[in-house]
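Trainee: Sequence:
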Amino acid sequence: MSARRLLLIVGVIAIPCIAGYVAFRKGWFARDAENAGEIAKLGDKKLEPLPPAESASGWFQWRGPTRDGRAPAGPLRTDWEKNPPKRLWKADCGGGYSSCSIVAGKLYAQDRQGGNERVMCLNAEDGKLIWEYSYPADYTGIDYSSGPRASPTVEGGLLWAVGVAGDLHCLRMPRDAEPVQKVWSKKLPAEFEAPIPKWGVACSPLVVGDTVVVLPGGKKGAVVAFDKQSGDVRWASGSNPPGYSSAVVATVAGQPTIFAFLGDSLLTVRTDGKITDTYPWNTDHQGNIATPLVVDDYVFISSAYGMGCALLRAEKQGDEIKLVQVYARRGRGFQTHHSTCVFKDRYLFGFDRMTSSAELKCIAFDTGKEKEGWEVNGLKPGSGTIILADKHLIIQTEGGDMCLVEATPEEFRLVAKIPKVLSGKSNWATPTLVDGRLYLRDETQIVCYDVRP
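With positions in the sequence shown counted from 1, the corresponding number in this note's numbering is that position plus 2.
These aren't lab readings, by the way, just hints derived from the structure by calculation.
A portion of the hints provided could be inaccurate.
[Said to hold, decoys possible] Straight line, CA to CA, 25 Å or less: simulated PhoX-like cross-link-like pairs of lysine-lysine: (1) Lys48 <-> Lys382; (2) Lys92 <-> Lys130; (3) Lys318 <-> Lys43; (4) Lys48 <-> Lys324; (5) Lys318 <-> Lys382.
[As the list claims (entries may be wrong)] Pair ranges (Cβ atoms, derived): (6) Arg334 <-> Val417: 42 to 50 Å; (7) Asp392 <-> Glu83: 42 to 50 Å; (8) Val417 <-> Gly45: 38 to 46 Å.
Please read these numbers as outputs of a predicted model, since none were measured by experiment.
Each residue gets a CB set at the ideal place from its N, CA and C atoms; glycine is no exception.
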């Protein structure tokens, strides 16, 4: 074959390949889009997030009483460098990544004990075990099989807990020396034809009125509401695949709305179960993990695995909530992996990217862009976790350090870092702060630190 003929053949093959690559890049980066009119409208709007909950509300569910990572009002000492927080107690536990729920002086958590999963209740003052409830759990095929991911929800004398294989249990709180009672239970994958995700079922139950809402991600129900007392199915909506996020409910545009982040989309759902809008968000591995963050009439979502972030405005059209895109920063934008970010004064604080390369970032809520000059020094969080306590961020690093950082966009200000308060390597459970007591856990222990003035 002549050299000229060979070059001709190579050219015929190469030209469409190059054209396809250029088109791919153009299409990918075109997804980094913004609506100038919506951004201007947001810039002129005074945002009115919900006020922090009162301390009496405790921390009864995933991400706190307002389900947005904010601690309830309460005391917080900040001179950690000079006077490090004192550990009040330590209690042994099994593996798991669920955070602790605190209600009326009692701590509730989930863990794995061999072939069983366990819901436990401890005295929040001294860490002593009050009661426990166990059930068999099959971890076959589950990656990162340490233990449960979801956090228990407690309300009105009842507790709801979801296990890694999709077992949903409703328990009645015992009185005095009575044993804990199972009120009802469901096997979500079997009942709603839902696959068990490779990293396990992770949705924490959400109480909405007289129902409890979970996200099976099944063909017979992606979003499901049960009667919280009887366990009867009130409604089952959608057929989207499961992700790893938890639902939130908020009043947006004057209407109570459930936001459900599934494996391929964000759904807006009325409290009667009607899906009113779908915002496609296809992340690799269906890895939509972070919880939607609702501020006023806006909802922020973010995913890792190269995906990015988006801000949407909820708009009422008739009796339905529709989503209007403010911006979408796909591919190159802020990418939340495990830990959902927190909102403070029109800025977001959270971890960008994955695992050991993750970094704490300050992001402008109005634009989704990183705050210039906000450089982090002396902190390597990995896949850490974060909550907001008044004007400070409390951060638990993946390696077990406990950190206090000022929640300001002016510059990164590390107040203190207490090394190795936890001994595990994958410290992915979110901290809990109630009445000046900070509760942390890893795969072998739960600890309580005194941060009262």
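Trainee: Each hint should be assessed against the structure and marked as holding or not.
Mentor: The hints, checked one at a time:
1. Lys48 <-> Lys382: 34 Å, violated
2. Lys92 <-> Lys130: 9 Å, holds
3. Lys318 <-> Lys43: Holds, at roughly 16 Å.
4. Lys48 <-> Lys324: 21 Å, holds
5. Lys318 <-> Lys382: With Cα atoms ~42 Å apart, lysine 318 and lysine 382 exceed 25 Å; violated.
6. Arg334 <-> Val417: 42 to 50 Å: Check failed, 31 Å falls outside 42 to 50 Å.
7. Asp392 <-> Glu83: 42 to 50 Å: Violated - the Cβ-Cβ distance for aspartate 392 and glutamate 83, about 18 Å, lies outside 42 to 50 Å.
8. Val417 <-> Gly45: 38 to 46 Å: 31 Å, violated
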